[in-house]
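Chemist: For the protein sequence lines, the chains are L and C, in the order given. Numbering that gives the first Met the number 0 applies: residue 0 is where the first sequence begins, and numbers increase by one. Numbering that gives the first Met the number 0 applies: residue 0 is where the second sequence begins, and numbers increase by one.
These are computed hints drawn from the structure, not numbers from a lab. Check each hint, because a few of them may be wrong.
Claimed, not checked - Some but not every residue of chain C turned toward chain L, in silico, with C-beta under 7 Å:
hint	residue
1	Leu-341
2	Ala-375
3	Ala-377
4	Val-383
5	Lys-391
6	Gly-395
Computed from a predicted model, the values in this text were never measured in an experiment. From the three backbone atoms N, C-alpha and C, an ideal C-beta is built for every residue, glycine too.
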Amino acid sequence: MPGVVAALGLLALLLLPSLARADALDDGVRRVALQLQCPVCEGETVADSPSGLAGDMRAVIRTRLAAGEADQQILDEFVGSYGDGILTEPPKRGISLGVWLGPLVGVALGVVLVGLLLSAWRRVPGAATRATAAGPVSTRTEGVGPDPDAAEEFHRFREELGR
Amino acid sequence: MAPLGQICIVGAFGLALYAIVSSIAGVRVRNRELTASGQYAAWAVTGLITAASVTLLVALSVHDFSLRYVWEHSSRAMSMDLVLAAFYSGQQGSLLYWAWTLSIFSAIVLWQQRRPGPHRVFMPYVVAVLMVVEAFMTLLLGFIASPFEALPRPPADGVGLNPLLYDPGMRIHPPMLLAGLMSWSVPFAFAIAALATGKLDNDWIAVSRRYAMVAWVILGLGNILGAWWAYHVLGWGGYWGWDPVENVALMPWLVGTAFIHSIQMQERRGMLKAWNLALIMVAFFLSIFGTFVVRSGILASVHAFALSAIGPYFLTFLALVIGGSLWLFFWRLPRLRSDNQLDSLLSREASFLINNLLFLGIVFAIFWGTIYPLVAEAVANAKVSVGPPYFKQVAGPLLGALILLMGIGPLMPWRRASREHLLNNFVTPVAGAVVGLAFLFAEGVRDPFAAIGFGVCLFVLGTILQEFVRGALARHHATGENYLVALGSLIRRNNRRYGGYIVHLAMLLIGAGVVGSQIYQQQTQATLAPGESVTLAGYTVTAHGIDTTTLPGVKVTEGVLSVNGSEDLRPARQLFDNFPQQPSTRVGLRSTPFEDLYVVLAGWDGDGPTAKISLAIFVNPLVSWIWTGGVLLLFGTIVTLWPAAAVSRRHVTAPIARGAVGATS
């Protein structure tokens with residue numbers, strides 16, 4: 000029994016310096032692991048996944064970091080063995096490029112559409128006359144809205160504020 | 000119990016079909032009794048689905064394990080509120096819940112719209128559309144995914160709820176989210192009715208605006224509660240993971256937000272009529288798509304789709320609904336002309352257009368990122384992961400622009416803004432934002448993204464406060480009421496406008512909370528022997544081993560910690576007997592108005608007070624602002640919808656409205 004305690008004590012002594020170093024390393028492991036998708040879970044990163052594989056991957060990252068490898072180097076190694084799908088941020092190359100281009104194309108189309116709409120509205124024939132025909136309505140709506148209650152109130156505010 | 004529930008569902012399916020046919024046939028052959036019988040059938044559908052739901056609830060509460068659903072989702076050890084929550088925790092039960100809430104909403108619509116008025120012409124079609132959705136759901140429930148499937152030999156005890164669902168959030172988040180997705184059916188039904196009847200002016204919007212607002216607030220709160228639940232239960236220090244299931248619930252809400260803004264263009268200026276119809280259709284399609292994704296797991300992989308029995312039915316239904324709606328839409332498109340032109344780019348109209356462009360841009364980016372893994376797998380057989388970095392980089396700037404617009408848009412006048420108007424309205428808020436930013440800089444805020452984010456929030460805060468102050472001052476001068484009373488009656492008399500400002504304030508709180516917690520989160524990990532400490536952002540966390548308790552069906556292991564020498568904090572792991580592979584987390588949380596200390600028990604070695612424990616520790620600034628924003632959002636929406644002011648307004652405008660109707664018809 001005393002032998003066991005002594006052995007455990009020795010083990011703890013051996014572990015202590017590594018624990019202290021681990022705290023500095025831990026942030027690095029998390030930084031890298033956050034950029035990797037856990038291959039066996041749904042929508043979890045290697046940093047957050049409780050699965051065994053993710054644990055093993057974190058251990059690999061730790062060894063590599065301890066050996067002085069750069070983050071990008073470690074990520075590249077994982078991409079080499081698992082493919083681009085391992086990265087949480089899709090790379091801007093190959094098939095993954097499409098996911099980045101989609102919103103650009105979509106928003107550009109939207110801007111063009113709004114532009115066309117604006118120019119169409121400015122050219123509506125008869126729109127101006129229609130607007131004047133609806134003259135009393137539009138003066139009433141101006142600034143506040145169609146209900147006379149609020150309009151009157153706002154008129155009062157404006158007068159009170161002298162604007 | 001099984002036959003009773005099954006009969007109710009099949010009966011509801013038959014009556015829903017009858018209601019569709021008799022409503023539409025009644026309009027076609029101008030037979031009022033026939034359309035009326037369609038409405039009675041809709042009431043009966045409500046009754047039958049309610050009976051089916053009560054049957055399932057009773058089966059759950061008496062632990063009738065002869066029903067497969069009861070056996071799979073509850074157990075004798077569970078407390079009664081959790082047993083009842085099991086009602087909507089599985090696929091079949093949540094579809095029944097969806098159908099049930101839809102039938103209740105249908106009944107509410109029928110009741111509220113029972114009086115004669117311009118909206119009556121829509122009602123047969125509204126009933127028909129609601130019953131089409133109801134018929135589809137009861138078809139699934141009755142024949143494909145029945146919650147009333149019987150087990151030949153009832154087991155003695157059930158499997159129980161998934162461990163992740165043992166949380167107070169479970170009792171409120173799923174029902175809110177599902178009801179929020181469901182409730183877009185109502186404004187959609189009015190849009191289809193407007194297209195079918197050809198009455199395409201503002202009537203359908205006047206009737207359905209309130210229903211859209213209700214759908215909006217329910218789905219919004221469902222999403223916020225989901226974030227709150229994830230934050231408390233999942234234990235990764237965040238609240239939003241851009242998971243497909245989260246994204247599909249967010250998208251209809253964003254489109255709905257665009258809708259409740261752009262309908263003002265139609266109400267005030269007779270513009271964007273076709274666009275509003277298209278928006279509410281998209282919101283509805285995305286809601287059905289969301290329900291489908293949440294319940295079928297298609298987005299995990301194409302292969303999961305094949306495993307899900309309901310998948311092909313949902314896709315067929317979605318295709319039919321989209322096809323039918325588009326056909327109606329393009330048939331009526333020639334009649335959807337704008338009444339007015341755009342006078343200036345510096346106007347309320349233009350800001351609404353930009354608002355819609357931004358909302359739809361965000362929705363498209365989220366949609367694209369969510370389905371892209373499927374597209375890549377189908378097209379190139381390549382595995383692509385689209386994680387949070389994509390969504391943050393693409394949606395983040397667009398959301399920031401929206402918040403900025405939230406400050407500019409409401410202060411823009413309709414038609415055209417003058418130079419004086421701009422100076423008069425924007426000088427003070429801009430100056431306020433500059434002063435506020437200088438203060439933040441002095442407090443140590445250096446990150447450029449944080450500066451932009453907080454600066455925009457401060458500017459918008461200035462514009463909103465300015466509106467309240469000016470309104471209250473003017474009212475004080477005009478009526479002599481003291482300032483507080485003036486503020487109260489200002490809000491009461493213009494509840495739609497000022498309720499909207501309160502909702503905008505809620506969005507600011509949420510925005511500031513997101514900026515703060517995304518940029519200034521601090522995190523560390525530590526393995527601590529008893530008595531050892533770790534320090535993060537001024538918090539010293541000291542370990543005192545673990546404390547294990549065994550409750551019926553679950554073993555709880557708490558890490559015993561003290562914070563800054565005194566306060567007790569106990570993050571825990573829970574291991575349910577029926578789910579040994581799935582330990583769940585209970586986060587140790589110490590929340591203050593400005594930051595949360597968030598501690599996760601990652602592991603332990605040993606037992607009792609001598610155990611060595613591993614912790615993940617986060618300090619998350621401003622997260623509680625997000626939850627406060629959720630409460631304020633509900634309050635602002637209630638102010639907007641508060642009926643008293645609307646009633647008095649109707650009295651005032653009634654003669655004018657009647658005159659206007661007389662003039663046009």
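Chemist: Against chain L, run the beta carbon of Ala-377(C) and see if the smallest gap drops under 7 Å.
Modeler: 11 Å, violated
Chemist: Does the nearest C-beta of chain L fall within a distance shorter than 7 Å of the C-beta of Leu-341(C)?
Modeler: Holds. Min distance 4 Å.
Chemist: Answer holds if the nearest beta-carbon of chain L is closer than 7 Å to that of Gly-395(C); otherwise answer violated.
Modeler: Hint on Gly-395(C): violated, closest Cβ of chain L at ~12 Å, above 7 Å.
Chemist: Is the interface hint satisfied for Ala-375(C)? The criterion is a beta-carbon contact with chain L at less than 7 Å.
Modeler: 5 Å, holds
Chemist: How about Lys-391(C): closest beta carbon in chain L under 7 Å, or not?
Modeler: 9 Å, violated
Chemist: Per the CB criterion, is Val-383(C) less than 7 Å away from chain L?
Modeler: 5 Å, holds
When held up to the earlier numbered hints, the structure conflicts with 3, 5 and 6 and fits the remainder.
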